[in-house]
Amino acid sequence: MLQNHRVVELIVRERRLRWPIPDHLESTLRDQIVRKVTRRAKYLLLRFDHGTLIVHLGMSGSLRILPPDTVPKIHDHWELRLDTKKILRYHDPRRFGSALWTTGDPHAHPLLIKLAPEPLSQAFDAQYLHRTTRKRNITIKQLIMNSHHVVGVGNIYASESLFRAKIAPRRIAKRITRAQALILTATIKAVLAEAIKIGGTTLRDYVNAEGIPGYFSQKLFVYDRADQACRVCRTPIKQFVQGQRSTYWCPTCQK
DNA sequence: ATGGGCACCTGGCTGC
DNA sequence: TGCAGCCAGGTGCCCA
1 MLQNHRVVEL
11 IVRERRLRWP
21 IPDHLESTLR
31 DQIVRKVTRR
41 AKYLLLRFDH
51 GTLIVHLGMS
61 GSLRILPPDT
71 VPKIHDHWEL
81 RLDTKKILRY
91 HDPRRFGSAL
101 WTTGDPHAHP
111 LLIKLAPEPL
121 SQAFDAQYLH
131 RTTRKRNITI
141 KQLIMNSHHV
151 VGVGNIYASE
161 SLFRAKIAPR
171 RIAKRITRAQ
181 ALILTATIKA
191 VLAEAIKIGG
201 TTLRDYVNAE
211 GIPGYFSQKL
221 FVYDRADQAC
231 RVCRTPIKQF
241 VQGQRSTYWC
251 PTCQK
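Position 253 of the first sequence, counting from 1, maps to 253 under the numbering used here, and the rest follow consecutively.
Keep in mind that the hints were calculated from the coordinates and are not lab data. This list has only true hints and no planted wrong ones.
In silico DSSO-like pairs for lysine-lysine, Cα to Cα no more than 27 Å straight-line:
no., residue 1, residue 2
1, Lys-197, Lys-42
2, Lys-114, Lys-174
3, Lys-189, Lys-255
4, Lys-189, Lys-166
5, Lys-42, Lys-189
6, Lys-166, Lys-219
7, Lys-36, Lys-85
8, Lys-255, Lys-135
9, Lys-85, Lys-73
10, Lys-42, Lys-219
11, Lys-197, Lys-86
12, Lys-86, Lys-42
13, Lys-219, Lys-189
14, Lys-189, Lys-36
15, Lys-135, Lys-189
16, Lys-197, Lys-166
17, Lys-174, Lys-255
18, Lys-114, Lys-42
19, Lys-219, Lys-197
20, Lys-197, Lys-36
21, Lys-36, Lys-114
22, Lys-238, Lys-174
23, Lys-238, Lys-166
24, Lys-135, Lys-174
25, Lys-135, Lys-114
26, Lys-174, Lys-189
27, Lys-219, Lys-238
28, Lys-114, Lys-189
29, Lys-255, Lys-219
30, Lys-255, Lys-238
31, Lys-135, Lys-166
32, Lys-86, Lys-73
33, Lys-42, Lys-73
34, Lys-189, Lys-238
35, Lys-36, Lys-86
36, Lys-166, Lys-255
Label pairs and their in silico Cβ distance ranges:
no., residue 1, residue 2, range
37, Arg-30, Ala-229, 56 to 66 Å
38, Val-241, Ala-193, 26 to 36 Å
39, His-5, Gln-244, 33 to 43 Å
40, Met-1, Arg-30, 12 to 22 Å
Each residue gets a CB set at the ideal place from its N, CA and C atoms; glycine is no exception.
Please take these sequences and the hints and turn them into a complete structure.
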């Protein structure tokens, strides 16, 4: 869709994202050809000949490919006009997302250099997780949500992965056994792969880039299910706050 | 080095 | 119906 197409113009309507969109970006991207679109953790990488555009969607961001002359709406902060006449448009009400320019190896960028291995890769395995939890006094839920230890696991999938692994969210990371590390890597991979396959998780009225909701919410065992019966044992699901985020778990299934 | 708390924002929902 | 208050799918930064 984007690859090998030329950017005719970058239009920025609101530069104030998590980090300001650099002033030079319009002139830098003009007439550049998108060579490759890749991803690292939740960062999208648009590779050009002279550098890389690093895009993050934050909590509420979306990117859509739109037909020519589609009228921009509120919170449509920037867009690439392509030689195909289509528009790649970034929409983000909360402005927690970002669009950064970097030259050289994008993986060497300060935001990417320290990221943990890709969760769906072989490098993310039981040995890795067991090693990285050693001597860690934080809870296992906070560890799997820390991108220096595990990437791709946000607040929803953290609770879901731990439920499937039967591990209590408050368990201290260094107390995780080798066997539990093996199970947890497997449940993280499964949860992420399933969620990706069915379009992610839609809560309330969020929609994806095609304007379609994700259906993983129908597969949630614990997230957003406080006081409802556990789908395995019927115990009421518990909710509490951990590091300013809501955690959901089943006190019977998870130990 | 590690871990905890804060910050950035808008909008939807709840309850008075 | 209006509105204040609360909560939200992320994550980098600062400080102890």
